[in-house]
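S.K.: Spelled out, the chains give:
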Amino acid sequence: MELVPEWGQAGWSNPAMLHPSGSHILLGGLSGFQVELDHTGPVYSDFIDAEGWVDPMLMLEGMDPRESIASRAEVPLISLGFRDERRFEFRLRSRLVTEQQFDYDRDLFDIAWRGNGHPDNIGRPISLSDMGFNAQAYLDHGVSVGAMAKEDKLWLGWGIHLLNGVGAFQTDGFEAIWTTDSLDYSWELQGGATFNAAGLDLDSLLGGGEIEVPGKGGLPPTLGAGVAFDYGLLWRMLPWFDLEASVEGRGGMRWLESLSRKEVGSDVFVLQGLDLVQEWGDRDSLPQDSIPEAFEDWLQGMQDSLAQTFALEGIPGVAGAFDTRVRETWRLGFRFRPVKALEISVLAYRQFRFGQTEEGGVFGLTYRLRGNVTTHIQGQFHADRWLWGAGLSLRGGPLRFSASARHIPGLIWPLDSGHWQGQAGVSFDIGYRQKKPKRKKNDLGTGKGMWH
Amino acid sequence: MRLGFIWLIVAGLAGCQAPAEEFATSDWTPIVAVPLVDTYFDLEDILNGLTDNLDTVPIEAAEGGTLVFLYEEDFTGTLAEEWLSIPDVEEAAELFLDEVVASAVNVSPPGAVLMLSDTMVSEMKVDNPPGALIDLVNLAQGQLNFVVESTMGDGVEGQLTIPNLLDPIGMPWSVAWTDAMLDGGSFEVQEDLEGWSILPENPNVEDTNLVRAFFDVFVINDPMHTAQVGEGLSAAFSMTGLTFDRVEGDFGSSEIFLEEGTTSLSFLDDRFTVFGAELAEAKLFLEITNAFGVEASLDSVDLIAFQDGVVVNELTTTAPALFVPGATGNSASPSVTTWQLDSENSNVASFMNSEIESVELSAWVRSNPNGVSPANPNFVDADGFVNAQLRAEVPLGFRVEQLDFLDTVGFELDLGEEVVELDSAELRIILHNGFPFGVNLEVVLLDDQFVAVDSLSVSPLPIFTVPVLDGAGTVVEPGVFVHDVHFDWERAQVLESAEYALLKVTSSTLGAQAAEFVYLTEDQGLGLELSVKCFTRIEP
Chain G
1 MELVPEWGQA
11 GWSNPAMLHP
21 SGSHILLGGL
31 SGFQVELDHT
41 GPVYSDFIDA
51 EGWVDPMLML
61 EGMDPRESIA
71 SRAEVPLISL
81 GFRDERRFEF
91 RLRSRLVTEQ
101 QFDYDRDLFD
111 IAWRGNGHPD
121 NIGRPISLSD
131 MGFNAQAYLD
141 HGVSVGAMAK
151 EDKLWLGWGI
161 HLLNGVGAFQ
171 TDGFEAIWTT
181 DSLDYSWELQ
191 GGATFNAAGL
201 DLDSLLGGGE
211 IEVPGKGGLP
221 PTLGAGVAFD
231 YGLLWRMLPW
241 FDLEASVEGR
251 GGMRWLESLS
261 RKEVGSDVFV
271 LQGLDLVQEW
281 GDRDSLPQDS
291 IPEAFEDWLQ
301 GMQDSLAQTF
311 ALEGIPGVAG
321 AFDTRVRETW
331 RLGFRFRPVK
341 ALEISVLAYR
351 QFRFGQTEEG
361 GVFGLTYRLR
371 GNVTTHIQGQ
381 FHADRWLWGA
391 GLSLRGGPLR
401 FSASARHIPG
411 LIWPLDSGHW
421 QGQAGVSFDI
431 GYRQKKPKRK
441 KNDLGTGKGM
451 WH
Chain X
1001 MRLGFIWLIV
1011 AGLAGCQAPA
1021 EEFATSDWTP
1031 IVAVPLVDTY
1041 FDLEDILNGL
1051 TDNLDTVPIE
1061 AAEGGTLVFL
1071 YEEDFTGTLA
1081 EEWLSIPDVE
1091 EAAELFLDEV
1101 VASAVNVSPP
1111 GAVLMLSDTM
1121 VSEMKVDNPP
1131 GALIDLVNLA
1141 QGQLNFVVES
1151 TMGDGVEGQL
1161 TIPNLLDPIG
1171 MPWSVAWTDA
1181 MLDGGSFEVQ
1191 EDLEGWSILP
1201 ENPNVEDTNL
1211 VRAFFDVFVI
1221 NDPMHTAQVG
1231 EGLSAAFSMT
1241 GLTFDRVEGD
1251 FGSSEIFLEE
1261 GTTSLSFLDD
1271 RFTVFGAELA
1281 EAKLFLEITN
1291 AFGVEASLDS
1301 VDLIAFQDGV
1311 VVNELTTTAP
1321 ALFVPGATGN
1331 SASPSVTTWQ
1341 LDSENSNVAS
1351 FMNSEIESVE
1361 LSAWVRSNPN
1371 GVSPANPNFV
1381 DADGFVNAQL
1391 RAEVPLGFRV
1401 EQLDFLDTVG
1411 FELDLGEEVV
1421 ELDSAELRII
1431 LHNGFPFGVN
1441 LEVVLLDDQF
1451 VAVDSLSVSP
1461 LPIFTVPVLD
1471 GAGTVVEPGV
1481 FVHDVHFDWE
1491 RAQVLESAEY
1501 ALLKVTSSTL
1511 GAQAAEFVYL
1521 TEDQGLGLEL
1531 SVKCFTRIEP
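Residue numbers (our numbering), protein chains in the order written: chain G, 1 to 452; chain X, 1001 to 1540.
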């Protein structure tokens, strides 16, 4: 919904897009609070029927090779926007963003359910290399401007975000491949991983310690810093047809303080059977009674060797700085207005988050009633499934209340949904007085916002 | 407003969908594949292992890695004391007064002395070796006894000398007696002969090994006694318990025993049936150590193979007789000579085939094949000996067209209590055969009534799959055998009921039909891998 102007974030998603009100102020707390929980894999009802019968194979069949569980929350602390009619808009915003993403491989469940000896698994590399956990929290202080570059034809926008990192955990690299030889069933385990953290003591965590909240309830310290940029374009090709494109959040942070780093060196471990001849040589004799003992020794040796091969070790010395990216979204779409109050939009997007890329598309229908009521419905193809969203924005005087959900069925039938997203906000809008006689037809800046 | 109303309804419905109160799912049946054993051993490993655990291993690696079966046997041989024995020397003589002598004594003035002399000759007849001519015997032990008995009434004195018996400083043994010494009618003299020497005389071919004793008797007329015919005196000496430190002479031509006996030499027992088996090569070495100062000739080695009491093979050779030099100077410098038999000069390779059950062996050398030079007489020291060592070298190159092994062995399997989490298991056996032969295996499990209850497979398993060889018979690529044995608890019960296992093994070497030999080398080996697939079942 971030591209619907009435919801307040449109200018931050595409800085070329202007707010419908002359100025607007969003105060902290509830002003544009967003929570998003997303699971790309099968949903409950894909593999559990109404009677509670769980079919793990349906779950496996419904999974892509890599799936993710992600959450994101944005809490705007303050947001201001000032507009010079449809020529120029200046925006200022501070917000707190927290986002986490856990990526996992289908093979993890496959091998757990069917085992490494299953005909579909034996002999092929079972890769868990897409697994990883990433999280970060940061304060985003942004400045954004949108300006009309060509009279009523072209608007361009640009924004910059100064990012103050509060805490982060990064899976810098993760490689885990398990191959069971189809002939002799020997195992080859290839793996390695590197973990970075800022504001988290990994030694303490690995030792069973608790996660300490940065700042301990007070103002969190700044552990990383960075910058991100927004770019936007709105081209009114026809009075009833707009083409839009934007890049949001291109940038990242460098984490510099309170760092820790752990590493599992890249290595290969091969599990083969007991070498009886060697055992025989070590023991001088191998009577039948000592074979179980030899197997126990071998098993213990394998465990020790495995633990040694993939030992999680700290990096000697002071941990180096590391970088993380913030969520970056590229959008390209168009919208047209067959009648004044109705807007149809189509948008394709590609989103980069924690090293993963996701594409999708949105089509939406926006209906505006006298500038005070805006409704929007949309269909979004996301993670191989359709999301059906809707939103309502009500304005009464200087106050605007807006609420939306990206997937309404997910609220009604949560067991069928892998995506839950909600957004609600209250803003204080100082609008231009509507000078209807002077308004040009299909003026973008007076409520003809766009959604996706 | 209508839209707002709809929105409120939607929001109110949020979360109305509730999950089932109870969940159920199918059994969890992961298949777990685990390697158990992965080991490789070549013949060098086996030899090393056997060497560590056994004193000797009859197989060694020759140059180039070819394995050779070695068989060594020390022959009994002959010791000096067994081959040459010194007989006792015994001789006696009597001297009686006849009328003439008695009258001569009686008419002689009182106190007059009448001397009588005689010679005793003893022949040391040597039976071992027969006909040996002894020039010198250095005695280690022995005792000389000399006894004189007298029935004469006159005084009698005398002396006896054995010039062939020398004391350690080279003086002949001699003894003299007086009349007083015969007061009792006799006297006896003993001499310990340790360190003494006997130098027998060999004047001609008929009189050999003679030991002579000369004695003189002095009869002193006693006027109080009238000598009577028949009075007399007897003397006897003996050398008994003679052992030698060294004997010299001409010991003639006789056999010196090396070995004689029967040895069980069965490579395969009666559980094996072999057809078309042949060794590529074999060598026999007979090393003779001669510590006698006697030249000898090895011309009698008899090797006869038996099967079921019937002669099936006999060693024949075209090798010339082996000349065995004598020891040089003494027994501490023996001669060592070796007689070699191989495929070039004998039928040893075909002799040592698998059909042998036992071998009868006899071997001697014959002394002095070229006679004895007087300037270089034979000698035998007390610690002298002649012995031999038989060494068989059989390179493990062979061909076997068909080898069958059939046996029934006891079988016992206890798999314990049934594990409910384990539905079944599949044991995978992988054998990488680097040996130049193939082996097929059949295993049938029998109950206590010898009724088949299970088998390893429907058809024989080529557990030693034939490898790929190059032109030289070297294994280039091992043959790989893979077989899965499925176990479930029903089969486990059957297996636990089995009491016996009938094993049938067939084998043949590569190219055996074309008379090609294969060779075992120390780098040939067998890779064994055991793995298991566990079909588990865990109820939720």
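Worth flagging that the hints you see were computed from the coordinates, not collected in a lab. All values reported here derive from a predicted model rather than from experimental measurement. Be a bit skeptical, because a hint or two may be false.
Per label pair, the in silico range of CB-to-CB distance [stated by the list, open to error]:
hint: 1; chain 1: G; residue 1: D267; chain 2: X; residue 2: T1029; range: 30 to 40 Å
hint: 2; chain 1: G; residue 1: P292; chain 2: X; residue 2: D1308; range: 24 to 34 Å
hint: 3; chain 1: G; residue 1: D120; chain 2: X; residue 2: E1022; range: 52 to 62 Å
hint: 4; chain 1: G; residue 1: D55; chain 2: X; residue 2: A1018; range: 17 to 27 Å
Negatives, chain G to chain X, calculated, CB over 12 Å [said to hold, decoys possible]:
hint: 5; residue: R72
hint: 6; residue: N116
hint: 7; residue: A383
Ideal Cβ positions, reconstructed from N, Cα and C, are used throughout, including at glycine.
S.K.: Could you run down the list of hints and mark each one as holding or not?
M.R.: Now for the hints, and whether the structure bears them out:
no., hint, result
1, G/D267 - X/T1029: 30 to 40 Å, "32 Å, holds"
2, G/P292 - X/D1308: 24 to 34 Å, "46 Å, violated"
3, G/D120 - X/E1022: 52 to 62 Å, "30 Å, violated"
4, G/D55 - X/A1018: 17 to 27 Å, "19 Å, holds"
5, R72, "20 Å, holds"
6, N116, "5 Å, violated"
7, A383, "20 Å, holds"
In summary, the numbered hints that this structure violates are 2, 3, 6.
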